[in-house]
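> Sequence:
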Amino acid sequence: DIPVITEPVVFGRKRRIKERKKKEAEEAYERLYGVDRKTARVIIECARKEYNHYEGMRYPAGDIQLASQYWIKSKYKNDWFTINPITKKVQFFLIFFFFSFSTIFLLVKFFPKPLPCLLPRERLTDNPFGERNNENSS
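Numbers in this note's numbering are just positions in the sequence shown, counted from 1, shifted up by 2.
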């Protein structure tokens, strides 16, 4: 039998070198920040993956780079970041809290008059606490 070469040896060697460098970089990242990016939950997710923050992540001493560091430059015009919740909210507790009679009575007891910012008839340009803007009265 004559062995069949499916891909050139150079391409296979370059791929192995690239994978080895990637593995070494991941191990260095894990040693420095103490987190495995493949298994850890993402808390702050950014358009540029090097700014992601993972659960249990620690930072070395020195300056911490932020996702918004270069937003002034036009190259980073469409950058974004998302903050994911760490814990899930218990919906039943929220419904019970906001719709229980004891909560309504407490609100009435501590706020006998309606709060001025809760009145829907106020114009948005007016200050909800009764003070008017004096921009036009000069």
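Treat the hints with caution; some may be incorrect.
[Unchecked claim] Below, computed lysine to any residue pairings styled on SDA-like, alpha-carbon distance capped at 25 Å:
hint	residue 1	residue 2
1	Lys24	Tyr61
2	Lys23	Arg33
3	Lys40	Lys77
By construction, these hints were calculated from the structure, which means they are not laboratory data.
> Work down the list of hints and note, for each, if the structure agrees.
Now for the hints, and whether the structure bears them out:
Proposed proximity of Lys24 and Tyr61 is supported: the alpha carbons are some 21 Å apart, at most 25 Å. A distance of roughly 15 Å separates the Cα atoms of Lys23 and Arg33; the hinted pair therefore holds under the 25 Å criterion. With a CA separation close to 28 Å, the supplied pair Lys40 and Lys77 exceeds the 25 Å bound.
Consistency with the previously given hints fails for number 3 only.
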